[in-house]
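Sequence order for the protein chains is A and B. Residue numbering for the first sequence follows our numbering, starting at 9 and increasing by one per position. Residue numbering for the second sequence follows our numbering, starting at 232 and increasing by one per position.
Please keep in mind that the hints were generated in silico from the structure rather than gathered at the bench. One or more of the hints may lead you astray.
As the list claims (entries may be wrong) - Cut-off 20 Å, straight-line C-alpha distance, at most; resulting in silico cross-link-like pairs (SDA-like, lysine to any residue):
hint, chain 1, residue 1, chain 2, residue 2
1, B, K272, A, D93
2, A, K109, B, E290
3, B, K286, B, E253
4, A, K76, A, Y35
5, A, K109, B, L299
As the list claims (entries may be wrong) - Reference listing, derived: stretches of chain B covered by chain A, where coverage requires no fewer than 3 residues with Cβ under 8 Å from a Cβ of chain A:
hint, stretch
6, 274-288
7, 339-351
In this text the structure is predicted, and so the values were computed from the model without any measurement. Glycine included, every Cβ here is placed at the ideal spot set by N, Cα and C.
Here is how the chains run, residue by residue.
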Amino acid sequence: AQSVTQPDIHITVSEGASLELRCNYSYGATPYLFWYVQSPGQGLQLLLKYFSGDTLVQGIKGFEAEFKRSQSSFNLRKPSVHWSDAAEYFCAVAPYSSASKIIFGSGTRLSIRP
Amino acid sequence: GAVVSQHPSWVICKSGTSVKIECRSLDFQATTMFWYRQFPKQSLMLMATSNEGSKATYEQGVEKDKFLINHASLTLSTLTVTSAHPEDSSFYICSARAGLAGGIGTDTQYFGPGTRLTVL
Chain A
9 AQSVTQPDIH ITVSEGASLE LRCNYSYGAT PYLFWYVQSP GQGLQLLLKY FSGDTLVQGI
69 KGFEAEFKRS QSSFNLRKPS VHWSDAAEYF CAVAPYSSAS KIIFGSGTRL SIRP
Chain B
232 GAVVSQHPSW VICKSGTSVK IECRSLDFQA TTMFWYRQFP KQSLMLMATS NEGSKATYEQ
292 GVEKDKFLIN HASLTLSTLT VTSAHPEDSS FYICSARAGL AGGIGTDTQY FGPGTRLTVL
């Protein structure tokens, strides 16, 4: 069965520092991979997605993610975080297409230290 | 484009009553809609997949008689929580699939803002 693991429950970084959120997936083939952000009490916003092509994907708000097949990973990065980036981040997979059912990781809560 | 709305955004009800949540695709046609629930500080769990004009497909462990899903049109799906109890209190999020014929030109999934249900 497909699964997504986000090993970090909560991360705190200083404003202006770099960020990397980890994500590992389990699936036989290369699934569709996503990163979503959720602010408190809000819905989900898609940051970026990957299915094929260039393994370094650029997203919105200055985020990027790198797909590494050998490590079954899809880590999210940002070179310099802003206080407004504080939120919950979810890695997700969809086995067939970007329109099929999505399986979410447990989430990583990002806090920003002034 | 590609906006999904949910109504209401929050609702408080008494135990034993039923609550209906609407999910609408505002500017595209959605052949498939998905319903998720999210408990506080937890991830989203898929409850069911709803295809327009047919019965919903429920995930294992989700009571289909308790969570009634109707997808009567290409722009509207409803989730009715019947005989709600405090343990049903949660954040319910829908998403809508914009198929290639849906008017957007891309087959992808868009999420609504969520509905917070509190059962007293």
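Hints, one by one, checked against the model:
Between B/K272 and A/D93, the direct Cα distance comes to roughly 17 Å. Compliance with the 20 Å bound is thereby established for this hinted pair. In summary, the hint linking A/K109 to B/E290 is supported, as the alpha carbons are separated by about 11 Å, within the 20 Å threshold. Taking the CA atoms of B/K286 and B/E253, the gap is near 17 Å; set against the 20 Å cutoff, the hint holds. Proposed proximity of A/K76 and A/Y35 is supported: the alpha carbons are some 13 Å apart, at most 20 Å.
Proposed proximity of A/K109 and B/L299 is supported: the alpha carbons are some 19 Å apart, at most 20 Å. For the stretch 274-288 of chain B, the assignment as covered by chain A holds, since 5 residues bring a beta-carbon within under 8 Å of that chain's beta-carbons and 3 suffice. Check on the stretch 339-351 of chain B: 7 of its residues sit with their Cβ under 8 Å from a Cβ of chain A, so the three-residue criterion for coverage holds.
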